[in-house]
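Novice: One-letter residues, chain by chain:
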Amino acid sequence: MKKIFLRSGLLFLCFVPGTVLMSGVAVMASGGGVMDRIHHADEPFDTMEIDTAYQLPVKTVRAKESWKGGSFRVLARKDSITRYRCSVCHTDKKVLVKDAVLFTHGDIVINHGEGDNELACIQCHDEDDRDFLSDSSGKKIDFDHSYQLCGQCHFRQKRDWLGGAHGKRDAYWAGERVIRNCTTCHSPHSPAFKTKMPETYSLPLDQ
Amino acid sequence: MDSRKKEGQMKTNDILEKKSTRRSFIKKLSIAAAAGSAGLVAGGCVSTGETTEEMGLKWEEYFKKNYRMMTDKEKDETVARLEKLAKLQDDVNIQMSNQEPREKVLFGYAFNISRCKGYMDCVEACVKENNLDRNSKTQYIRIFEMDSGQQDPTSGDGKYHHEVPVENKYYMGIQCFHCENAPCIKACPTKATWREPDGIVVVDYDWCIGCRYCMAACPFWGRRFNWGEPEVPKEELNTKQHYLGNRKRMKGVMEKCTFCVQRTRQGKLPACADACPTGSRVFGNLLDPNSEIRYVLKHKKVFRFKEELGTDPKFWYFMD
Chain A
1 MKKIFLRSGL LFLCFVPGTV LMSGVAVMAS GGGVMDRIHH ADEPFDTMEI DTAYQLPVKT
61 VRAKESWKGG SFRVLARKDS ITRYRCSVCH TDKKVLVKDA VLFTHGDIVI NHGEGDNELA
121 CIQCHDEDDR DFLSDSSGKK IDFDHSYQLC GQCHFRQKRD WLGGAHGKRD AYWAGERVIR
181 NCTTCHSPHS PAFKTKMPET YSLPLDQ
Chain B
1001 MDSRKKEGQM KTNDILEKKS TRRSFIKKLS IAAAAGSAGL VAGGCVSTGE TTEEMGLKWE
1061 EYFKKNYRMM TDKEKDETVA RLEKLAKLQD DVNIQMSNQE PREKVLFGYA FNISRCKGYM
1121 DCVEACVKEN NLDRNSKTQY IRIFEMDSGQ QDPTSGDGKY HHEVPVENKY YMGIQCFHCE
1181 NAPCIKACPT KATWREPDGI VVVDYDWCIG CRYCMAACPF WGRRFNWGEP EVPKEELNTK
1241 QHYLGNRKRM KGVMEKCTFC VQRTRQGKLP ACADACPTGS RVFGNLLDPN SEIRYVLKHK
1301 KVFRFKEELG TDPKFWYFMD
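Sequence lines, in order, name chains A and B.
Each residue of the first sequence is one higher than the one before, counting from 1 in the working numbering.
Each residue of the second sequence is one higher than the one before, counting from 1001 in the working numbering.
Misleading hints may appear alongside valid ones.
Covered stretches of chain A (in silico footprint by chain B; criterion: 3 or more residues with CB under 8 Å from a CB of chain B, positions within the stretch not fixed) [to be verified]:
#, segment
1, 41–54
2, 85–91
3, 160–166
4, 171–181
Derived by calculation from the structure, the hints in this document are not laboratory data.
Idealized CB from N, CA, C, for every residue including glycine.
Given these sequences and hints, build the entire structure.
Specialist: Dropping the structure here:
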């Protein structure tokens, strides 16, 4: 009977719900399906094999972390900081009052950390060497490797990010793994995503 | 697997064995006829403005085989014809690929319902990438604004248009799930839709008769029908195309998400995953234990929508 259902397109239309259920039972009973294939696939795939996945013309740096025993790259940050290097201004030179708003970063609004835990500049920026960040132990951290800093508090996110469940790969699923840095998506001073109008809209389903 | 075996049998029995000698006969005949009608055109009897070359190409296109029965040479030929036709008919230079599936690759997708903010960048990117009909506002992806405590998209709002995200709502994207045991494939009376070895469910638009059985069979609203001739502004046309993907569709045929076959077989992410600003969309090779998608399946709490139907979708939802 089942064979006839599958073979005949016309008959099939009348029995769509029935057939779906029957084949569903078949999948579950045999324990097969895509999960079975996944569980049996334990041989790493060489993604470099796909030669059309080439490095993008964006600047990346090799991450100072390992992933599945190998290395990966993250998008660089320093190039997109308009006023880097910081030490150009952060010298012993005096600042004139008329330049104060610009020079004291009056345009930066910090909305990071709640209530009493709201962050101050020097909790992330190195107090002495402004060209670097520094973690809670005082270790200098490069702007390109800010994940080392963010991961101090956001360790769950960092764990997911390393594995691939948080953040995203850049442009290619194959080729060398290039993923976005924390600061590629989140503004470090106000990391939460903003509300905004959606890019487009959909027509009602019944139209 | 039982059903897959059966499907495979159908393929070999029904398609491959019946090598139609009648068709090849007609094809030869048609070329002769095209040559004949070309003579007519040259004589000035036809006023449609079609050139001889265009008519000849269209004849050959009309009598080509189902994509799965074509030899590599025939695939190359039809792709070249379609490129030429696009130039002649619409004056656009397209590059059409017939890239075969890669070995040891099975594509899968995961969607993070705790990260998606409903911005719909994915929908917009998909429309542009896949040359979807702007006239009827066809979209492969639908994002539902869901009330907390609900999981069925039919209870959500699929046509919201206000600032997002809204507090106490979450967003769930639905598109073709590329089921391993896809009911749409079984429903097709002309075998115009099938699952490729890399797991992508595709449509041969030239073999679709527009009966929409597949649309009725899909429990996930994954398929779209062209009620009219699809319209894409010339300047917005994506010229990087694939025979089984975003090439020009006709009035009266089905189409669907192809995991951006023209991109993913080149190692790129699908347009939706690439466009997502929140990182809610994870795409990769299910057969690679080092892939991101495998990390998600192993370390996150995942579920598949309507898993109980047994269609075995390759699309998972997960939470942080």
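Novice: Each of the hints needs a verdict: does it hold here or not?
Specialist: Hint by hint, here is what the structure shows:
{"no.": "1", "hint": "41–54", "verdict": "holds (count 10)"}
{"no.": "2", "hint": "85–91", "verdict": "violated (count 0)"}
{"no.": "3", "hint": "160–166", "verdict": "holds (count 5)"}
{"no.": "4", "hint": "171–181", "verdict": "holds (count 6)"}
Consistency with the previously given hints fails for number 2 only.
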